[in-house]
Amino acid sequence: MADYIIETQNITREFDGFKAVDGLSLQIKKGEVFGFLGPNGAGKTTSINMMVGLLKPTSGRVIIDGQGMEKFDKAAIGVCPQEIVLWDNLTCAESLNLIGDMYEVPKDILKQRVDQLLEDLFLTDKANTLVKNLSGGMKRRLNLAMAVVHQPGIVVLDEPSEGLDPQSRQVLWKYILSLRDEGKTVILTTHLMDEADRLSDRVAIIDHGKLLKLDTPVNLKKEIGGGDIVEITLSDDSMNQKVIKKIEETGNVLSVLEVEGIINLRALNAVGKLPQIIGDIEETGARMADLSVRQNTLEDVFIDLTGTRLRE
Amino acid sequence: MKFLSLAIKDLKELVRDRKGLFFILVFPIFFMLVFGFAFGGMGQNNTPYKLAIVNYDEAVTIPMTGESINFGNNLTQLLEEAKYENSDVNLFNVTKISESEADALLKTRDIDAALIIPDNFSQSVLALIDHTIVTTTNPLAASQSTSPNITSTLIIRGDTGFINFGVSQGILVGVLAQYQDEIVIQTQNAVRGTPGAQPNVFLNSKVEPIEGTQNFTNFDFIAPGMIVFAILLLATTVAANFTREVESGTLARLKLSKMKGFDLMFGGLIPWSLVVVVQVIILLVVAVAIGFHWQGGLNSILLAILVGVIGGIASIALGMIIAAFVTSVSQATNLGTLITVPASFLVGAFFPLPDVEILGVPFNAFLPWTHTLKALRALLTYGEGWNDISYSVAVSVVLTVILFAIGVILFSKNRLKAEN
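If you read the sequences in order, they're chains A and B. Under our numbering, residues 37 to 348 are what the first sequence spells out, in order. Under our numbering, residues 3 to 422 are what the second sequence spells out, in order.
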C-alpha cells in the first residue's frame, strides 16, 4: 500500500506556450483533506484535471495509489467539478442512479446510497424533481452527490462553495468533514481562505501554476509569525509609502507593506501599539480613512508569499 | 448494462425536451408539406412516357382452337393503345427495339423505361388460362391439377434516379397487374358463358383506361426523398446533442466513470433509432395525406422503417464525426447543416442528379443514404418487395457500418480520451 494516495511528479501543463501548471510536485496522504488554495487562474483546476485523468500533463507524471494514470481504478475517484454539471431533464434520483450505473454499483446498494445521499444533502423531497427546476444551491448539492454516489476513496471538490448561500455552505462543509471521518481522502480547491483554513488538514498555496508553500494551516500561519494584522486605509493613498517608512523607523511592528492601496502591518499586541502607530501616521501629515485589527489568516500567508491578495 | 442506462437517459431527455422534440419531428413535416404542395400537381399533365419494348416471347398454340398466339405482341399492342383515364392521350410512346439498343437509350435518357418480355411469356399466360379454366369448371380438381405452373418475369428496366422512370414504372406495374387480372376474368367469363363473352377467345385485347395512372405525380418520386432528408438532418441534431454533452461537462463526468465509448455510442443509437421510426411513420402519413400514392402494403411500412433505421444509424455516425471536431453547439449545428443539406442533394432526395461516374461507380454510391433512398422509393413508390431492395439494403448496411466505425474511432479519440 502506498503511503501517499496521490503523487504528482513535476507535472507541467502548457496551453499554446502558456504554462498553466509549472513543475508541480505534491504528495497527498490517504485520509486527509488536502486544500489547494490560490486565486482564480492559479492553475488549481488544471492540476486537478491532470490528477483525475481528464487532462494529460505536458510533462511529469501522476501516480494514484501506486498506479500510473493508465492503470488506476476509475471508481477510486469522485470528482465534483467547479461548474454545475448535471442533466437538466433528469430528476435528482435519476441523475444519481445513472452515475451509479456508470460506476457499476449494484442496483440494491445503489438504491440505498441514493436515498442516503438525498437525505444527507437535504434533497429527499426533491428526489423526483427535474434538475432544471432546482435552485442553485440544490444543484450544487446534487453536483456533490454525483461525485460520491459510488463511494470513492478519493473525493475531488473543485471550488465546491462557489455561488452557495451561507446555509448551503454550512451543509456542504459539514458533509466534507463527514467524508474525512469516513476515511476518505478529500482534495479541495478553493480561493476562500476560511474554507481552506477550516476544512483542510494541509494546504498547498499555488499561484501562477507554481507551488508556493505546503503545510498545515496552523504551521503556515505560524511561519509568517505571530501577531495581529492591522489594516489602515489613508484618505490619500499617495502617502502610503511615507507612512510605511515612518512605521518601519519606529520599529514597533513585525512587518509592514502596502497591499492594493492599503497599509498592512503585523504586530504583537497590536491593540496596545495602536496609539504609537496612529501617532506615526499623524506625524507624516496623512489622514486615516479606516482602520481595522484582526487575527492573521491564510490570506496573510498568501500576501506574505506573493505581496498581493488572493484575486477574486 | 451501461449502454441501456444511457439509452434510457437519452430517451428521457429527448421526450422531456418538448421544444427540441417538436422541432425534430415537425421540421421535416414542414418540408414534406412544402414539397407536397409544390410538386403534387406535377406529372399530372398526361404526357406519354417513352417506353421501349424488347419482346423475346415465342408464340404458343392454344390446344382448343389450334390458334397460334404471341401474348408478348398482344401485351405490346395493349401498351401502345393504352390511354390515360378520361383522356385521348396515350400512356406510352412505344418503340420496339433490341435489348442493347434499349440499354443505350436508357443511359442517355432518350427513353424513360424498357420492358423486357421473356421468351416463355406466352407459355405462362397459357398456363394461367389453363389453371383458371380448371379452377372455374371443377374447383375440387384444381388441387390435383397437373397443368404446369409456368411463371415468366417481365423486366422493367430503367434509371432509378430518373423521375420519368419512376412514373413509367408505377404505371407499368399497374398495367401489368391489370393485364393478368383481365386474363383471369375474361377466361372465367368465357367458361361460365357470361353473356357477351366469346367462349374460344381467352384474351380480350380491348383497350381500357388504366385506373389511377392519371394521379401519379412527381411528388410520388420526391416523398421518399423527404424521408431521407429528415433522416439526414438527424445528423445535425445528434452532433448538437453530443456537443452539448461536451460543452456542459456531462461528457467529462461520464468519461471519469467506467463508461466505455461503446456504451455511449450504442446507448445513443437506441433513442435516435426510435426517433427515425417515428419520423418515417409520421412523414409517410403526412405524405399520403397530401397526395403520395403509396404503393406498398403494411409490409412496405415495416421494411421502410428498417431501411430508415439503417439510414438513421448512418446519420448518427455522421453526427458523431461532426461532434468529434466541433467545440460548440452552434458550430455543430452550422457544420451539420453545411454537410447534411448538400448531402441530401447529392443522394438525390429532392431531384435526380445527372449520372456522373467516378471509376465506373456513380459518384454518390459511397453515401449510404443513396441506397436508403433507392430502397425507400422501391418500397413506397414502386410497391416492390424485399427481393428488390435487398441489394440496396445490403450496400447501405455495409456503408453504415464503415461510417459508424469511423464515427466511433474519431469521437473516442477526440472526445473520450484524456485531453492532450
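Be a bit skeptical, because a hint or two may be false.
What the hints assert, rightly or not - Covered by chain B, according to a simulated footprint, are these stretches of chain A (three or more residues, beta-carbon under 8 Å):
1) 45-58
2) 63-76
As the list claims (entries may be wrong) - Sample of chain B residues lacking proximity to chain A, with all beta carbon distances greater than 10 Å (derived):
3) Ser7
4) Leu8
5) Phe33
6) Ser102
7) Thr110
8) Arg159
9) Ser259
10) Gly293
11) Gly385
12) Tyr393
Since the hints were made in silico from the structure, they are not lab data. Glycine included, C-beta positions come from ideal geometry on N, C-alpha and C.
Verification of the hints:
1. With a cut-off of 8 Å between beta carbons, the region 45-58 of chain A has 0 residues touching chain B; three or more are needed, and the interface restraint is violated.
2. Coverage of a stretch by a chain is defined here by at least three residues with a beta carbon nearer than 8 Å to that chain's beta carbons; for the region 63-76 of chain A and chain B the count is 0, and the condition is violated.
3. Its beta-carbon lying about 4 Å from the closest one in chain A, Ser7 of chain B breaks the requirement of being farther than 10 Å from that chain.
4. Residue placement check: Leu8 of chain B does not keep its beta carbon more than 10 Å from all beta carbons of chain A (closest about 8 Å).
5. For Phe33 of chain B, the condition that its CB be more than 10 Å from all CB atoms of chain A holds, with the nearest at approximately 27 Å.
6. With a least CB separation of 62 Å from chain A, Ser102 of chain B remains clear of the 10 Å interface cut-off, as annotated.
7. No beta-carbon of chain A is positioned within 10 Å of the beta-carbon of Thr110 of chain B; the least distance is around 56 Å.
8. The claim that Arg159 of chain B is not at the interface with chain A holds, since no C-beta of that chain comes within 10 Å of its own (minimum 52 Å).
9. Listed as a non-interface residue, Ser259 of chain B fails to keep its Cβ farther than 10 Å from every Cβ of chain A; the least gap is roughly 4 Å.
10. Against the 10 Å criterion, Gly293 of chain B stays outside the reach of chain A, whose nearest CB is about 38 Å from its own CB.
11. Distance check on Gly385 of chain B: its Cβ is at least 42 Å (rounded) from any Cβ of chain A, clearing the 10 Å threshold; non-interface status holds.
12. No Cβ of chain A comes within 10 Å of the Cβ of Tyr393 of chain B; the nearest lies about 41 Å off, and the non-interface call holds.
Going down the numbered hints, you'll see the structure goes against 1, 2, 3, 4, 9, while the others check out.
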